[in-house]
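Asker: If you want the building blocks of each chain, they are given just below.
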Amino acid sequence: MTEQNPVNIEVREIEKANVLAEASRLHNEGYRLAQMCSTKVEDGYEMLYTFGKGYDLLHLRFTVVPGDKMDSISHVFPAAFFYENEIHDLFGVPVEFMTIDYHGGLYRTAEPTPFH
Amino acid sequence: MSTRSVVPFGPHHPVLPEPIHIDLVLEDEKVVEAVPSIGFVHRGLEKLVEKKDFNEMVFVAERTCGICSYMHGMSYCAAVEHVMGVEIPERAKYLRTVWCELSRLHSHLLWLGLLADGFGFESLFMQAWRLREKILDMSEASTGGRLISSVNKIGGQRKDVDNAMLHSFVETLNQLEPEIRTMVRTFLEDSAVRSRLDGVGVLSKEKAHDLGAVGPFLRASGIPFDIRTTGYLAYGDIDFEPVTSSEGDSYARTAVRINEIFQSIDIIRQVVAKIPDGDVAVPVKGFPKGEYMMRVEQPRGEALYYVKANGTKFLERMRIRTPTFANIPPMLEMLKGCQLADVPMMVLTIDPCISCTER
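Same order as they appear, the protein sequences are chains A and B. So that you can map any letter, position 29 of the first sequence is 29 in this note's numbering, and since no number is skipped, the others follow by simple counting. To convert, count from 1 in the second sequence and add 1000; that's this note's numbering.
A portion of the hints provided could be inaccurate.
Unchecked claim - List time: in silico SDA-like cross-link candidates among lysine to any residue, alpha-carbon distance up to 25 Å:
#, chain 1, residue 1, chain 2, residue 2
1, A, Lys16, B, Arg1319
2, B, Lys1336, B, Phe1119
3, A, Lys40, B, Phe1287
4, B, Lys1205, B, Arg1194
5, B, Lys1047, A, Glu111
6, B, Lys1207, A, Ser24
7, A, Lys40, B, Asp1053
8, B, Lys1047, A, His103
9, B, Lys1285, B, Tyr1232
10, B, Lys1030, B, Val1193
11, B, Lys1274, B, Gly1236
12, A, Lys53, B, Thr1244
13, B, Lys1336, B, Val1193
14, B, Lys1207, A, Tyr102
Bear in mind the hints are in silico, worked out from the structure with no lab data behind them.
Using the sequences and the hints, build the whole thing.
Answerer: Here it is as structure tokens:
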């Protein structure tokens, strides 16, 4: 993962199209959602979804290219709607089929999508 | 059929020290749905990694929260230290543990005061905060700051605390403990207080797990999950068990935090008895490259500090998943089915910290 120090938890690189299927599989294995993070990278946005089972964490990582949409996992993990709205509001990444969609109104930022 | 109406709760409300807005959908007085809205105090702290180098970001991280400031700074430093392969001295780990537990103590006492204020017991509120002042005095004596301590740095601590002062802290805590026990009896036994807490805002074990609850909110529903048991800092050398309760109601959450106060006092006693002599920092050279996710047990629950570095002095990303952010979805579930009059108390019992949440 890195030269100096590996990430402390298992990371699985996946395709964006498979995120819902992977999330469903983890849900069936007893994982719960721990966090969802977006990072701006050269070719778009790198998503890091973290799931926990006991004290173990597992990451799913995939990339979203600018202008592309990604599927919500909030139907599988209900708490995901909060993270997905944050990603949408701060990074401008469109998320489809969220259980609660604020349409950009979760954060009241002076500048739209300030982390874009 | 009952008529549905929407009642706005917040962003400014007597029980809320910080702004959060919740639209409560009611059938008569019963809440059937709750939709939160935040963003009133969003500061974009994570974005500052583009302008502040990884050393300066320590001070930014400490300002994420005015209550658990120390833990935010420590968590950030620990994450960067892992990326850089820096092993801090044992004494620094023990000192960090002391300051983390002092943070938990003053945070839980602050919350008890807010809870008492929430149900209108002003003298109890003042007692809780009077006792909290003595914890803050210890923070000030050892770091120079009551809340924003600025003693963390990449590679250890900026300050040492001599052993005499650490033992004086234990003495102070020994004197404080019976006073706290007297004060918390009112929270745990007073019938008027219990009538506001017993059976109010029940979150089942299954919902707490599935919806990602953390900290006392999770443990009060019967799940013994406490990241300190993984042994980071000096916790691996300390004898303690997660504090839990099985009822999952507001009273259980209160009882868990109260028992954690005494647990923190005991942890500090153990740490002071075992703290080794030596340096409190190591020199750090170069820039971080890599990524790490640090997990710490803050007063409100598990916080995740993710840092990603590319070998320059600026990090690519710092992401903070705060405990309150994780606790909001289960809080919404908890509100469903409750009476409107219980909503303020129930929101308060998750110990929300909105500054942390919005960063």
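Asker: Does each hint hold? Answer for all of them.
Answerer: Hints versus structure:
1. For the hint pairing A/Lys16 with B/Arg1319, the CA-to-CA distance comes to about 21 Å; that is within 25 Å, so the pair holds.
2. Annotation: proposed proximity of B/Lys1336 to B/Phe1119 holds, straight-line Cα distance about 21 Å (limit 25 Å).
3. Distance hint between A/Lys40 and B/Phe1287 is fulfilled; the C-alpha atoms sit about 20 Å from each other, no more than 25 Å.
4. Proposed proximity of B/Lys1205 and B/Arg1194 is supported: the alpha carbons are some 22 Å apart, at most 25 Å.
5. This hinted pair checks out: B/Lys1047 and A/Glu111 have alpha carbons roughly 13 Å apart, not beyond 25 Å.
6. Taking the CA atoms of B/Lys1207 and A/Ser24, the gap is about 17 Å. The hint holds against a cut of 25 Å.
7. As the CA atoms of A/Lys40 and B/Asp1053 are separated by approximately 18 Å, the hinted pair is consistent with the 25 Å bound.
8. For the proposed pair B/Lys1047 and A/His103, the alpha carbon gap of about 22 Å is at most 25 Å, so the pair holds.
9. Taken as a hint, the B/Lys1285 and B/Tyr1232 pair is honoured in the structure, with Cα atoms around 23 Å apart against an allowance of 25 Å.
10. With a CA separation close to 22 Å, the supplied pair B/Lys1030 and B/Val1193 stays within the 25 Å bound.
11. At roughly 12 Å between alpha-carbon atoms, B/Lys1274 and B/Gly1236 fall within 25 Å of each other, so this suggested pair holds.
12. About 19 Å separates the Cα atoms of A/Lys53 and B/Thr1244, which keeps this hinted pair within 25 Å; it holds.
13. This hinted pair checks out: B/Lys1336 and B/Val1193 have alpha carbons roughly 22 Å apart, not beyond 25 Å.
14. The suggested pairing of B/Lys1207 with A/Tyr102 holds, with an alpha-carbon distance near 23 Å, which does not exceed 25 Å.
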